[in-house]
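Sequence order for the protein chains is L and D. Each residue of the first sequence is one higher than the one before, starting from 1 at the first, in the numbering used here. Each residue of the second sequence is one higher than the one before, starting from 1001 at the first, in the numbering used here.
Because the hints were derived from the structure by calculation, they are not lab data. Accuracy of the hints is not assured; some may be wrong.
What the hints assert, rightly or not - Here are some chain L residues pointing at chain D (derived, C-beta under 8 Å):
#: 1; residue: ALA4
#: 2; residue: GLY15
#: 3; residue: GLN19
#: 4; residue: ARG81
#: 5; residue: GLY91
#: 6; residue: ARG99
Stated by the list, open to error - Derived DSSO-like pairs: lysine-lysine, alpha-carbon spacing no greater than 30 Å straight-line:
#: 7; chain 1: D; residue 1: LYS1027; chain 2: L; residue 2: LYS256
#: 8; chain 1: D; residue 1: LYS1037; chain 2: L; residue 2: LYS256
#: 9; chain 1: D; residue 1: LYS1027; chain 2: D; residue 2: LYS1037
To be verified - Not the full set, but computed from the structure, chain D residues with beta-carbon under 10 Å of chain L:
#: 10; residue: ALA1096
#: 11; residue: ARG1106
#: 12; residue: THR1107
#: 13; residue: PRO1278
Quick reminder that beta carbons are idealized off the backbone N, C-alpha and C, glycines included.
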Amino acid sequence: MSVAQWRVARVTPLGEFAQPARITGTAVRLAAQVFLVVCLWRSLYSQVETSAGLVRDQAVTYAVLAVLALQIRGLDRSASRDTMLQHIQEGTVLYWFVRPIPPRRYYLVRAVGDQLYGFAWVLVGYTICLTAGAVEPPASGSAAAAFAVSALLAQVIMYQLLLAVDLLCFWTLQNNAALTILRFLQNLLSGVIAPLWFFPDWFLTISSVLPFRYTLDVPLSLYIGRSPLSDTPRLLAIQLLWCVLLAGLTRLMWRKAAGVVTVQGG
Amino acid sequence: MDAIIARDLTKTFHTIARRPGFVGGLKSLVAPARIAKTAVDGVSFSVREGELLALLGPNGAGKSTTIKMLTGILVPTSGEVRVAGLEPHRDRERNARTIGAVFGQRTQLWWDLPARDSLAILRDIFDVEAEEYRRRLAEFDDLLGLSEFWDSRIRHLSLGQRVRCDLAAALIHDPKIVFLDEPTIGMDVVVKEQVREFLRHQVEQRGRTVVLTTHDMTEVNRLAERIVLINHGRLFFDGSLTELRRQFGATWQVHVTLADAPADVAVPGLRVLRRDGPRVAFGPGDGATSTHEALRLIIERYAITDLAIEENDLEDVMREAYLHREQMTA
Ligand SMILES: Nc1ncnc2c1ncn2[C@@H]1O[C@H](COP(=O)(O)OP(=O)(O)OP(=O)(O)O)[C@@H](O)[C@H]1O
Ligand SMILES: [Mg+2]
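For reference, chain L alone in the conformation it holds in the complex:
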């Protein structure tokens, strides 16, 4: 793949810059969400020192980072008519097969662009929150390093999960229901809705055998120091395993998809 082809990653950011209203909207929504989450968790902790093994600032930091991380958990492109589902339903996906970049590569480059764009939001949001005292810095230097590696792996798992559901469209031609369920599960089981530590034990057990937890809860728990550093190798190993498993699955799905591509009518 050529260097020029990587420049395709700029499609989403270009589209966003072309519509400043969208950027303002994202900023307002993000600020409101962070503010509400901080208020909620502070008031929950007004009576207790520690809960689920987390002190107040750890819980707030986890929750705020989870909100910021939403920006890199699969940008919704439906307003731009640029989701896999829309391309398959409208038949525009056929152009993916007449370009000198394989669909799988094109999808990857676009996702990288989206996530880098989202990451810019995360960085800005994080800096502001850190300055304002809404989040704490990482528990320690080693926690920061463990977090960085784990967050990267988490992102790869996240990408593979979204891709797998998107690829399902090639067979079902509608994955709205699947996507909605997956989004909810992801948010619930990964800690977006509330830090996983607050859920009952059986819930933690279930979430430990599913991939979702490894997309957010694991890196965040390392960041706030809730997961002991000694646990890091095991956690990273599991993340790596999920990366490999899901990569194998999506690769297989791509191969099959290219064979079944049938474009409706016209």
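Following the hints, complete the assembly by docking chain D with the ligands onto the known chain L.
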């Protein structure tokens, strides 16, 4: 040299029949009934380099399906395709560099980007050199008047503007072979003419091979050197416009007003289609008679005071051809 070769090309789609009602829906779930639909059925033809071929046929004939196989999007159920020596669906990446494609109802441009940004993205995808890109863009602008609207986002373009951008997008990498599935759909007459000019330029000046589908007979008249007709997935005509007219267009009417009205009007070799007092409409009889010949025969026998000749236009020829085919299969 043949740029495109299709041999016995066949595509069968398998769909699951939906039975009506709730119980039917359940049945379909448990024991789905698969229906096979052969959209393209043993089509063979070839296109020479630098030729413009119109692939015509009624709705649902299998034109788009054929184009999708020729572009490598669909995998043929059986048969063989060669485009510039490659097997398109097996060698998609290399094939992509030799072909360009426009599917009129669908855009490959990014909805939220200004047209020019979309073209720049395609430049990157196809690795087009900056200088070449500028030159080509200027040429397309010259022929298609793109600069009037290329700073607008695609979502704000009219259909005709959008398709013109799509044409530029399909040719930005200078492909030798171009597939156009209804490229002039929804365009006004002025823009249509502009696009025809553009296509003619691409064929005559740039030597590109073009395969085009359309339902617009004016376009066929102005552009096509060669026509392939398919219906129900089968090819049933391959030749020039003149041959097509000769084969299916031999229907004409000669309307005359006779000076005196004899009781019986008959001309050997011609058929009387209608008679209304002195006004008579003649059509061809059993043998294929030209209007020229018919006139001579009529004038030899009768004195006439008025005369009008009605020859079928291409639309009629097409209707005739499509119907003829229906009868053949029936
Ligand atoms: N993905 C598909 N699944 C099932 N059947 C299909 C599919 N695509 C096309 N067909 C069927 O194949 C036949 C040929 O379709 P095709 O789109 O090639 O026709 P066409 O000649 O392009 O018609 P039009 O002039 O209306 O565009 C039609 O009967 C259509 O219903
Ligand atoms: Mg069609």
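For this session: Find the hints from earlier in the document that the structure breaks and name them by number, from lowest to highest.
Result: Going through the list in order, the structure violates hint 13 alone and respects the others.
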